[in-house]
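Peer 1: Note that the protein sequences, when read in sequence, are chains A and B. Mapping of the first sequence onto our numbering: position 138 corresponds to residue 138, and the numbering continues sequentially without gaps. Mapping of the second sequence onto our numbering: position 163 corresponds to residue 1163, and the numbering continues sequentially without gaps.
No wet-lab data here; the hints were simulated from the structure. Keep in mind the model is a prediction, meaning the values are calculated, not measured. Beta carbons are placed, not taken as given, at the ideal position from N, Cα and C, and that holds for glycine. Any given hint might turn out to be false.
Unchecked claim - These stretches of chain B come out as covered by chain A in the derived footprint (C-beta under 8 Å, 3 or more residues): (1) 1167-1179; (2) 1202-1208; (3) 1251-1259.
Stated by the list, open to error - Reference excerpt, derived from the structure (chain B facing chain A, CB under 10 Å, subset only): (4) I1199; (5) V1230; (6) V1269.
Claimed, not checked - Partner residues aside, some chain A positions facing chain B, computed with beta carbon under 8 Å: (7) I12; (8) K55; (9) T80.
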Amino acid sequence: MDIEPQETHSSIRRTLESEIQELKDELLYLGSMVEKQILGSVDGLKKRDLEAAQKIIDTDKEINSKRYDIEEKVMIAIATQQPMAHDLRLLASILEIAGELERMGDYAKGIATINIRMKDEPLLKPLVDIPRMAQKGTDMLHRSLTAFLNEDVEAARAIPQEDDDVDHLYDQVYRELMVLIIQDPKGIQRANWLLWAAHNLERVADRVTNICERTIFSATGEMREISSEKKD
Amino acid sequence: MEMNIAIKENDNLKMDGDIRIKVKAHHLSVYYGKFRALTDINMEIQERKITAIIGPSGCGKSTLLRSFNRMNDLTPSARIEGEIELDEEDIYGNNVDVVDVRRRIGMVFQRPNPFPKSIYDNVAYGPRLYGIHQRGVLDGIVESSIKQAALWDEVKDKLHQSGMSLSGGQQQRLCIARALAVQPEVILMDEPASALDPISTLRIEELMHDLAKNYTIIIVTHNMQQAARVSDFTAMMMIDETRSGRMIEYNSTNIIFTRPEDKRTEDYVTGRFG
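Looking at chain A on its own, in the form it has when it is part of the complex:
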């Protein structure tokens, strides 16, 4: 029989390593789904596109099932491959991050729900800072996942500091809406909708911080809360 076996390379845990790689790929895929959802939900709100909003809500189910899928695979890898030390921290972090991503997906769904609830009411004001928050939040999310996959501890420590930028945008939206409410209290409901959307986006950035914490934990074993410098 002329079968050339794969030569044993340096690693003798190829099964575990390929399972981990598969999970990393899936986590990245889940992350890109969530990014798309966040940007899509805000774009839908900006354009008052109810069809797009409904699509966001439908897609959220896929995100949830993808998260369960990752969760199950991590469980199986832990049960069957008995990972230790870094491998174990990495898998535990994947479990945690998949949960964070799923919750971020819920924020996008929340924004889409607001859009639908607004029915044919026009926006209280054209959206400027809210799309900026979405842009900034998803950019942070994207980089935090890259940092996780590359075990880039330096980036993981730096990214949460940018949370202040998002908080700053949120404060700006808040103040602006308050002024509009004072000027015309009839706009309270419409202002509240936008505030709610902005709040969801502010939470996205907070969860990016959690991802960065897991990156540091996975890479170094250090489990500590990261707080941004100017946090109130």
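We have chain A already, so just place chain B on it with the hints.
Peer 2: Frame of chain A; chain B shown alone:
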């Protein structure tokens, strides 16, 4: 207790291409004299997959494994009821050549047991028994078998040294190469790594993964973690009140180790079974 456990299809079973059943035990019972060591085992073993048999000591794992290539025939008082099929043919049938059965279903034992011969002669032993003597042909078989056993790089320059000169892990891979040399279809492994250190154990396990691309592997192990790491399917055995071995659960390894259906399997895999 009538048990007829077929492999269930589920999300966790990775089905690549057609599923072929290579070995099948059908209402198999094994007796040693009057003692019924195994009772009514029904089991379908998939081709080119790794199937692990686990269970507490004395539950009949090795008896079951040994009945797959008629090794129990060597025990005078042993007899079986039911059938074991290899490619749908009863290996205990009347016109079956036992030697051919054991060629097609090879075995690797707990302790590495190389012959006190050279590495080359260990591997060439089987083919020679089957009448292959041309040097060129033997050379080819020896090389490809040792390569498949992931041992080639370590021994290619010393094929004529004694097999006994190798480390335990290397000796076990030599035994695997020896088993492969007669071109088996199924490889039975009885605790193949229990005498080895952890690194050699992992190396054997990775080797099993490679071999499963071409062979059907059935492994008996005391080491649940090993069964979990290495196998696609796991069969859980236990003795009943008459001390006879029975199969209590058989499913994909992922299921057995994350959500077994039988409480006794749960107790065993979680270490709560005393």
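Peer 1: Now look at each hint and say whether the structure bears it out.
Peer 2: Each hint, compared with the structure:
no., hint, result
1, 1167-1179, "violated (count 0)"
2, 1202-1208, "holds (count 5)"
3, 1251-1259, "holds (count 4)"
4, I1199, "7 Å, holds"
5, V1230, "8 Å, holds"
6, V1269, "9 Å, holds"
7, I12, "5 Å, holds"
8, K55, "26 Å, violated"
9, T80, "4 Å, holds"
Of the numbered hints stated above, those contradicted by the structure are hints 1 and 8, listed in ascending order.
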